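Number of protein chains: 2
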Amino acid sequence: MELLEQRILRDGVVVNADVLKVGSFLNHQIDAVLLDALGAEFYRLFSSCPINKVITVEASGIAIAYVTALRFKVPMVFAKKSMTRVLPEDVYTTRVESFTHGRIYDVVMSKQFLGPDDHVLIVDDFLANGCALEGLLDLTRQAGATVEGIGIAIEKGFQKGGASIRAQGYRVESLAIVESMDPETGKITFRSAC
Amino acid sequence: MELLEQRILRDGVVVNADVLKVGSFLNHQIDAVLLDALGAEFYRLFSSCPINKVITVEASGIAIAYVTALRFKVPMVFAKKSMTRVLPEDVYTTRVESFTHGRIYDVVMSKQFLGPDDHVLIVDDFLANGCALEGLLDLTRQAGATVEGIGIAIEKGFQKGGASIRAQGYRVESLAIVESMDPETGKITFRSAC
Chain V
29 MELLEQRILR
39 DGVVVNADVL
49 KVGSFLNHQI
59 DAVLLDALGA
69 EFYRLFSSCP
79 INKVITVEAS
89 GIAIAYVTAL
99 RFKVPMVFAK
109 KSMTRVLPED
119 VYTTRVESFT
129 HGRIYDVVMS
139 KQFLGPDDHV
149 LIVDDFLANG
159 CALEGLLDLT
169 RQAGATVEGI
179 GIAIEKGFQK
189 GGASIRAQGY
199 RVESLAIVES
209 MDPETGKITF
219 RSAC
Chain D
29 MELLEQRILR
39 DGVVVNADVL
49 KVGSFLNHQI
59 DAVLLDALGA
69 EFYRLFSSCP
79 INKVITVEAS
89 GIAIAYVTAL
99 RFKVPMVFAK
109 KSMTRVLPED
119 VYTTRVESFT
129 HGRIYDVVMS
139 KQFLGPDDHV
149 LIVDDFLANG
159 CALEGLLDLT
169 RQAGATVEGI
179 GIAIEKGFQK
189 GGASIRAQGY
199 RVESLAIVES
209 MDPETGKITF
219 RSAC
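Quick mapping for you: the protein sequence lines, in order, are chains V and D. If you count the first sequence from 1, you need to add 28 to reach this note's numbering. If you count the second sequence from 1, you need to add 28 to reach this note's numbering.
What the hints contain is simulated information worked out from the structure, not anything from laboratory work. Every value quoted in this text rests on a predicted model; they were computed, and no experiment measured them. One or more hints might be untrue.
In the DSBU-like style, the derived pairs of lysine-lysine whose C-alpha atoms are separated by at most 35 Å in a straight line are [claimed, not checked]:
1) V/49 - D/101
2) D/101 - V/101
3) D/215 - V/101
4) V/215 - D/109
5) V/139 - V/109
6) D/109 - V/101
7) D/49 - V/101
8) V/109 - D/49
9) D/215 - V/109
10) V/188 - V/49
11) V/139 - D/49
12) D/109 - V/109
Kindly generate the complete structure, drawing on both the sequences and the hints.
Printed below as a string of structure tokens:
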């Protein structure tokens with residue numbers, strides 16, 4: 029998506045070969061109008077699917093999942109990083125490893141809000157190694173829900189997540205796929221749309 | 029706000045004298061269309077103020093702050109619960125006590141995204157004892173930013189937060205103020221709009 033690629037080129041910061049900072053518009057400060065355009069694009073891409081729920085994981089996925097759900101006029105549910113003691117019979121639980129934060133945490137979603145009748149679109153801001161997404165897919169399997177597709181704002185195409193999840197048969201639509209980043213020059217190359 | 033009060037009466041669950049669960053539409057599963065109406069109401073209430081930024085704290089404030097920012101067509105910034113090691117010179121830091129989670133955590137916001145030129149609207153889903161809000165106010169003071177107002181979806185009027193923050197001179201607009209809750213009968217009484 030041209031709009032997002034241009035914004036990454038303008039405001040993204042290549043910290044090192046693996047880390048692209050987009051906190052000025054995507055996941056700390058959020059450009060509300062840009063995100064609305066990304067939500068509209070996910071709607072265009074998936075509008076023929078019978079989606080009745082959008083799901084994501086806290087925290088940086090929430091705004092983009094929300095604005096996508098608003099386009100579909102369906103509820104959004106976000107999986108929570110578990111901090112409170114909850115009864116396991118009330119929630120689906122999965123473990124997610126965060127490379128950014130260097131830790132593993134439990135992620136939970138109330139069984140009340142996801143079940144076998146649900147057709148979900150999973151939305152997240154980033155796809156890199158795919159750990160957060162594997163966690164969300166695990167929750168949908170526990171719930172018996174149908175995954176209609178996965179919408180990602182920025183995919184780091186040089187990390188394994190995207191290929192691994194597509195190989196499982198899921199439809200993944202990433203609005204920008206970074207093919208390579210050069211920390212020396214700051215140059216960012218995108219995978220061309222086909 | 030009638031729409032929100034009716035929804036609380038229909039779907040809110042009084043767990044005990046202090047805890048009102050609204051996870052089916054406000055802070056776990058999110059009714060996207062309802063939240064959009066709440067954002068529109070915040071816009072109506074504060075549209076005469078020179079707001080150039082909406083701020084909140086992760087995670088449950090993000091969606092409602094986002095949709096409000098979208099109405100104002102300004103950026104939204106959310107304070108993060110600190111998990112990564114960050115250099116203190118790069119961020120404002122404050123401590124917030126969470127009664128729900130029974131712990132104290134550091135909350136951070138990049139100095140890059142909040143400064144003396146900013147006129148902010150603070151938005152959150154809940155106001156009870158006011159700890160999260162005091163934390164956000166502390167961040168704005170560190171930044172030298174001007175607080176134009178505070179928009180809250182549900183205020184628990186029988187807890188001290190609202191009175192304490194209004195006593196400091198801030199304009200707080202809560203879309204529903206719960207005056208009392210009876211865990212025996214499930215009855216919820218709202219403070220009448222004046």
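Quiz item: Which numbered conditions among the earlier hints are violated in the structure presented, ordered from lowest to highest?
Solution: none
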